[in-house]
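Top to bottom, those sequences are chains A and B.
Numbered by my numbering, the letters in the first sequence go through residues 54 to 432 in order.
Numbered by my numbering, the letters in the second sequence go through residues 54 to 432 in order.
Check each hint, because a few of them may be wrong.
Identical chains share a label here; the pair holds if one copy fits it or two copies do between them.
[Unchecked claim] Quick list of in silico lysine-lysine cross-link-like pairs, BS3-like style, CA-CA up to 25 Å:
#: 1; residue 1: 285; residue 2: 380
#: 2; residue 1: 150; residue 2: 67
#: 3; residue 1: 265; residue 2: 150
#: 4; residue 1: 265; residue 2: 127
#: 5; residue 1: 67; residue 2: 254
#: 6; residue 1: 285; residue 2: 99
#: 7; residue 1: 172; residue 2: 127
#: 8; residue 1: 380; residue 2: 196
#: 9; residue 1: 254; residue 2: 380
If you're looking for bench data, these hints aren't it; they were derived computationally from the structure.
The lines below spell out each chain.
2 protein chains.
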Amino acid sequence: MGPGPSDVSERVLKALSQQTVGHLDPSFVTLMDEIKSLLQYAFQTKNELTIPVSAPGSAGMETCFMNLVEPGDKALVCINGVFGGRMKEVASRAGAKVTALEFEWGEAVDPAKVEAALKADPDISIVAFVHAETSTGVRSDAKAICALAQQHNCLSIVDAVTSLGGIDLNVDEWGIDAIYSGTQKCLSCTPGLAPVSFSQKAVDRIKARSGKSDSWFLDLNLVMGYWGEGVKRAYHHTAPVNSLYALHEALLILHEEGLENAWQRHSQHHNALVAGLDSLGIKMLVDADIRLPELNTVAIPEGIDDAAVRSALLQRFDLEIGAGLGKFAGNAWRIGLMGNGCNKQNVMHCLSALGTVLAEQGHDCDPAAATTAAEATYA
Amino acid sequence: MGPGPSDVSERVLKALSQQTVGHLDPSFVTLMDEIKSLLQYAFQTKNELTIPVSAPGSAGMETCFMNLVEPGDKALVCINGVFGGRMKEVASRAGAKVTALEFEWGEAVDPAKVEAALKADPDISIVAFVHAETSTGVRSDAKAICALAQQHNCLSIVDAVTSLGGIDLNVDEWGIDAIYSGTQKCLSCTPGLAPVSFSQKAVDRIKARSGKSDSWFLDLNLVMGYWGEGVKRAYHHTAPVNSLYALHEALLILHEEGLENAWQRHSQHHNALVAGLDSLGIKMLVDADIRLPELNTVAIPEGIDDAAVRSALLQRFDLEIGAGLGKFAGNAWRIGLMGNGCNKQNVMHCLSALGTVLAEQGHDCDPAAATTAAEATYA
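Take these sequences, add in the hints, and give me the full structure.
Here is the structure:
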């Protein structure tokens, strides 16, 4: 129950461990096509270029910037946590002139400020932001920000590492141009792959580049030859075959449940967890209207030893919760309710274990009352 | 029995499918340390910076160039197949001024020509070449080339994707500065990771860079904080936890067998395969003294339909052999004997199946005689 990797189901682990076949084997090419379709469903898009990059989510971020940025391009990067800051760094290394738009930690990206920044500099051609900030547990209004990007003739780049499969996300309806995610959050697949999707406008820009991307490995003009249409696939690199078996299975599970049911489930168990945490006297750090149900950032109660609590939870209760990251280090915990790990049993286990450890440390709380409060939300 | 991914053992697949833990979990940090030690053994090095990059072998190549090259650095890139050509491309994108030294396909890199090129341009500071060319099945003399690099004050970058665990390789003794490999060849792990190792001289150069690497994801100055010494690890990206379980097991298997025994085994079964292929009237494309035992490149007999044979082998005999790549496309097959797949049973199965299909296509050969010829080499 940390900020990811989340619990991986037995079904996904079993798929992962099937015998490895060649990355150009006809049966594998069929599986690749199915992965593309299932990813289109998860992203809610018809984008042809919807594939998993053969590396973790951070490489998905780099894929977006290294392919869409040409040296000197102006990019507006919104920063309301660690991952917005990482976007700035990656965009700069790709050669962008970055305008950083900073927000307080724990707050969402403000569309009004995005609009003002775009009006102030008409040369900006890329708008980048994080949909679900894993460092703070904040959801930003991706639909509004992408609409502004379109109005100002900008491409949008969206970090959906922690949002895909956990909260409302609609790539085509919202007009997102480039989006990346990870497999180890709400998809509950093993870590190591980065699903990405690109609009036709983004693909056109990639195809029309005046110079090559700095990265050969992430160059979509080459990667498209392997993941493209038809049976004939051009070898680019050796695909991580087994990890793709696992992703296929994880996406199948999401499809079976249905996207909206998955979003609803995350919301339901989040409500139960919040009720229980409230009963324990633990404060949420993020306002209710912009909270991520899948990642709950809470204030560490005064006088409580951060590391000692997390260590006790891990050693005695086999429970991982996340430390604070960046500005929140030492002040916050991050409790994940992601994908396969987002269920009632985990909510109750967390409240019970956390309440027990906190009470031992002198915090005034009643674990039994917390689980009762959580239980009441399911009624 | 293609050019990789090779057969993955049940032991490795079982390790792969263990439950995912957090990438900062204390138990995982212990496993990371063991992986580093086991990789040091496999590479025969004491290099502290010996780790698996969280992406396939091509990303290992990119890691070497993106970290060691600064814009304008002169690099000598030796090309005797597809992967030397890829090195040139990756080096150029990293900003190097590349001098390409080309050799015929099927021939080794000639150290005398490397020496002449280094003498001709004293500004060259990097020498890059492929130890085991997967596109041709050729072994180059890494020891001699790296010695020349040292004499001329150059760093050496060595592609060991297909050599690690299959043939003699000694990073420290040969004075290799930067080396990368893949997991899916002679280590017989699943594809998706790139073991790399860097000498102190290379690390010093990386630490002393005047500008940042273009890639944030592959920036070793950051990655070192996660894979570095001690219990305290700085989060960089979410490591591919399950793939690392598998690599740990694959390296353990190699350690149990012993490196020299593994090299010997590859040589032994290669000799058997060659005897059988000779009996079938199939010619090796590479001279015996520079042949890779783990990757056997053979001429497709005249009048034989390349695709039809490979398709029949796959569909009727559950056997993959590799197509020719690059200049060898349509003219050659590549028969892998890698890692776990390098055994007598596979040699016999391949000779029998290939002989049967070729005979059906009108090629004059006797599958039974081929297996008898192979069998005789084991005596």
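_Violations among the numbered hints, reported as their numbers in ascending order_ = Violated hints (numbers, rising): 2, 5, 8 and 9; every other hint is consistent with the structure.
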